[in-house]
Structures are given as C-alpha cells and as structure tokens.
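Q: Starting from the known structure of chain A, arrange chain B on it as the hints suggest.
Here the protein sequences come in this chain order: A and B.
According to this note's numbering, the first sequence holds residues 1 to 332 in order.
According to this note's numbering, the second sequence holds residues 333 to 664 in order.
Not the full set, but computed from the structure, chain B residues with beta-carbon under 7 Å of chain A:
#1 381
#2 559
#3 610
#4 618
#5 650
#6 653
#7 654
Bear in mind the hints are in silico, worked out from the structure with no lab data behind them.
None of the values given here were measured: they were computed from a predicted structure.
Just so you know, even glycine gets a beta-carbon here, dropped at the ideal spot from N, CA and C.
Protein chains: 2
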Amino acid sequence: MNKTVSNRLSLAQFSREILNGNTVVLAQAITLIESTRPDDIVVANELVEKLLPHSGKSIRIGITGVPGVGKSTFIESFGKLLTAQSKKIAVLAVDPSSSKTKGSILGDKTRMDELSKDPYAFIRPTSTGTTLGGVADRTREAIILCEAAGFEIIIIETVGVGQSETVVRNLVDFFLLLMLAGAGDELQGIKKGIMEMADGVVITKADGENVSKANQAMADYQHALHLFLESDSGWKPKVITSSAVENQGIHETWQLIKDYVSFAQSNNYFKKNREQQNLIWFHDTLQHLLRNKLNQSKEIKLKIKSFEKAIIDNAVLPSRAAQEIIQEFFGA
Amino acid sequence: MNKTVSNRLSLAQFSREILNGNTVVLAQAITLIESTRPDDIVVANELVEKLLPHSGKSIRIGITGVPGVGKSTFIESFGKLLTAQSKKIAVLAVDPSSSKTKGSILGDKTRMDELSKDPYAFIRPTSTGTTLGGVADRTREAIILCEAAGFEIIIIETVGVGQSETVVRNLVDFFLLLMLAGAGDELQGIKKGIMEMADGVVITKADGENVSKANQAMADYQHALHLFLESDSGWKPKVITSSAVENQGIHETWQLIKDYVSFAQSNNYFKKNREQQNLIWFHDTLQHLLRNKLNQSKEIKLKIKSFEKAIIDNAVLPSRAAQEIIQEFFGA
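Only chain A is shown next, with the shape it has when bound in the complex (with noise of 0.2 Å):
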C-alpha cells in the first residue's frame, strides 16, 4: 500500500507534508527510502536531498544494550518524559543483522506501547539493508526526513551484538549504553571496544533487590572508564543506574544527554563531529561503489574467491593478488 501510495505522491506533496509534520507521509518516505525500485530510488534520492537543508536540528541519540537490558521499556520512559515536554521524539530501530535478531527490535509487537500512541512521537524500524553500510545510509536518510518532519530528539535504537553500534556510532552525537548489573558482564554481550564508545553508561533494572549490584556496577564501570583516554569530544562518559519501573534514572540519563550537548557545543565538537560524520558517509559510499563495481564483474568476484582461497594457503601473496586484481579490472 506504501508502494501505490508513494507512486501517488508527488515528490512536491512528499516534501510539503513531512515539512508540515505529516507522519504518515513520512512513514511513506521512510519505505520509499527503504525500496529497491529503481524509479522508487529516484524518487527518495531526489526528496532527501530537497529536505537536506531543513536537517540536522534534532539530537541524535544512539542507544544500544543487548537483548534483555529492557530497551524498549526504557525508551518508552524515556520518550514519555520528553513528550510530556511537548518534545516530539522519533526513534528509529536499526537491525542490519538476521530476522532473528530483527525479531529482537521489531517481533514484539506489544514494545513501546505508550510511546507509540504519543502524539508527539514517532516509531520506525529502518532494517534494510543487505550490508551495514546500506543500513547505514537508510538510517542517515531517515534522519534527515525526520528531521525536517520537526522532530527534535531522534533515537537510533540497535541491539548490542557488536556489529553495529560502530555504525550507529558514526550516525548519532551521544552514544548511550544500556547494561544489566550483576549478571556478570561476559554473559551481557557487550564486545570490546563498544564500552569505550559510549558517552554514556545506564545500569538498567535498578530497582528491588538488583539495586546493590545496580551501585557496584556502576563504580565499577565508572572506574573502568576513568582508565581511558578522554575522547575526541574531550567529554568525560557518566554511568548512572535507572529503573524504568520506578522510573528513576529517565530524568537523570536526559540531563546528561543535554550536559554533554551544551559542553560539545562549547567546544565546537558538535558541529565539527557531524561535518565529519558526513565525511565519512561520503568516504564509505564511494569505498562501497566502488567495491560493487568489482564484484559486478563475474569474473573479477570469481578471481577474488580463488584468490582467497590461495591466500588461505599462503600460496600467494595478498598484495601481489590484490595487484592482479586491479590490473585485470581495468584492464593494466
């Protein structure tokens, strides 16, 4: 129905009703987005970049954890809190990995209950994609159209496996993550390197008798985290505890949201992060087409494999392969 309606559309009608704030219009944008219609992709190219220039208004967040740290309840608290400020709030959940996991974000279909009621709030899945980079660019576009819908707060919401948050990373200004106390931290999931991105730590299920481990993990995890180098954006990561159920810890995680924006702008990091996140989504797509040029050529995908192969046995030297490959590409 998407479909037909998208092709009713004009890419005029798109632009003026999402720029008034027409959600069903965007929802409809966001799968036009989302097609692999060759004439659907004119379309969605062409409307994202009439809404460009009424982007990048909203604070991105990025919020990850794994499967069980209660996601959902705590964005639902979350976004309560801030469209009870008359904030509209939209979240997208990114899940570049298998139907399985997707069914993780997107199978329950009772998540979010509230919030997806709010007037003021907005909640899309954006898991398509074949490739994180192909999930990544969808979510960016989806940004951008939510963004000139008038939505002020955008929460990119991905399961904490360890594939996408540094995707995620690269698309958001605050980087929140969502942890279990006790359970003993290798059970949680969390790979390396996925803490250390974080600005920010909440200890979820902080409530009954999980409160005392709630208050260790968090010095440990503060601890931790004081071990490492300040980040590019010079800010220092908080970890607080939170109970969606006793709803403590939802006010607490927005302040430190709005303190590290107001510091990033201070020192300009928040703008210059985002000129480099555009940057980089340039780099990666070119890096991307690129890539797909090669393996468009049946020969050359073949060549890679065996190659591959050799190199496995180290019958062949990697370089000197990838050598022969660009030289049969082009034709040296």
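A: This is chain B only, laid out in the frame that chain A set:
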C-alpha cells in the same frame, strides 16, 4: 650503497643468502622492499613471493607504549632473555608518523645497545611509506623475509599514539601494551580502544618508589580488562609489572606469551587469526589500490575535494556526491 648491492645481487642470490640467515643481505632486501624505484619494486615483489613458502614459523609480537614508557629498555631486556636461549629475534620498528615521532623510535643511537650487537638479534626500522597501509605492507613483507632468514621471534615495535596500533594489531599474533604506573592514565596518551586490543599489559618501571603504584595499576587494569567480553581468541588478557633495570617481569612476559601461543594453538585461533590477517591484507590492498585509481585522475581528485567542502556546508547529500564521483570515473 644498498641500492647498488640490490642491483648487483640476483634474485636467486638474495633468496639463497636470506635463507642462509645472512643478515647483511636481509637488511639490503628490506631496503629493496622499501624502495620506490619501479625496477626495485619488481624484484622486491618476486623476492617476497619466492620466500613466502619459507615464512610463517615465527611468533609475531607487537609491542606498543607511549614515548617514555621504556620500550627500548624493555625490548632490550626481553630480547637478551631470548637470545640467551639461542633464539633468533628480529625487532622491526614501525613508525608511520612524522619524522618528529620517528625520532623517538629511531633517533636515539644508544637504544638497544647490547641487543644490536647480539649475533642472534636483528634490529631494523621499517618506517617507510606515506600511508599506514603502505607501512603495513612493507612491514608484512619484512616479517616474511625475517622468517625466511630463520628468525623465531619477531617484535613489531610501535609508538603508542593511537594511529598505528590497529594496523600493527593485524600484523602480529600477540599484542603487548606497555604502560607507566601512577602518572595518571590520561597523561599516558593511551587512546581509547588500544588497551582493549592488548593480549597482555606490562606496567613498566616497577622499581624503587614506583613498586606500590605499579601494583595498584596492575590491579586497576586487570579489573578493567575483566569487565570486557573476552576477545575472539577466548584469551583473557593478563597484566604484569616489570622492572627492566632489576630485570624483573621479563621472564614472566615471555612465559605469558608462550602461554598465549599454546592456548591459541590449542583452540586453533592462532592459525585462523593468521589466515584472517592475510585476507585483511588482501582486501585492504584492494581498497587501497581502487582508491589510488580514483586519485590518479586530477579531475576526480579536485571533484572529491570540492564535494568535501560542499558536504561540510551541508549543501550536498554525501551518498549522492559519492554516486556522482563513481559515475564520472566510470563514465556511466
């Protein structure tokens, strides 16, 4: 002088002398690898390919730490321990950064004074190449030559300033991070993520009044590392203290590395990791060469620059800019 020799020696002579462990010729061959003269590059490529089957039998150890941490002193003590066991050890100093930091690795004439005179030791800077990728390639090839020359332990030394570690990480079996106690970790300039790459951490200069601070640091880092998910190898990084002047912790470091090697060999990660590293070498070089092709076109280069400016001004969609570059380059 090396050039002349490299022109005088035939490929067969180079190969035979290196296989005979002739370190003079080995040094000349590494110079040949680093040469930018087209005819040298051809011979160098053939030589490395010829010796490839004779490579791979060493333990490759990456050692990093900020200037002042005592790398040279540590490596000298560590190297002497190994040569005393009649083990042949090669030290390749990687420094992709400016001549300024290069000085910190290569300038000091007195560094590794004893080791450099040791018949079982071979010390060689390989800091060439304008790009990290270039440096990595030269180093990978130098490793192959050293292994063909019969060196059993190869140390890749780099300055812990955050740029070269990730590259070196992909060249070695075991990554050792040297840190100073006390000073305050921020002051050590250890970039985020580097500690998480380490298979082992050595707190240096643990002597005199530093001992208690060193022990405290050891406890702190061991605890911090414990918070992270185990690495792909399944190995849990260990932290030890060391005093090169009191020759303490040197033997323990070697034991730690031997423990790692038998651990990684028993679960087959050692082999898998090397295969993975060669595939990364292959694909990195592919990307690198593809990108070179782009930059060889003056028009494309200028267009990329102007797009970068427009992107920073939020005047063009990064993905669209990339598409235009590709279309122009391939004349689509």
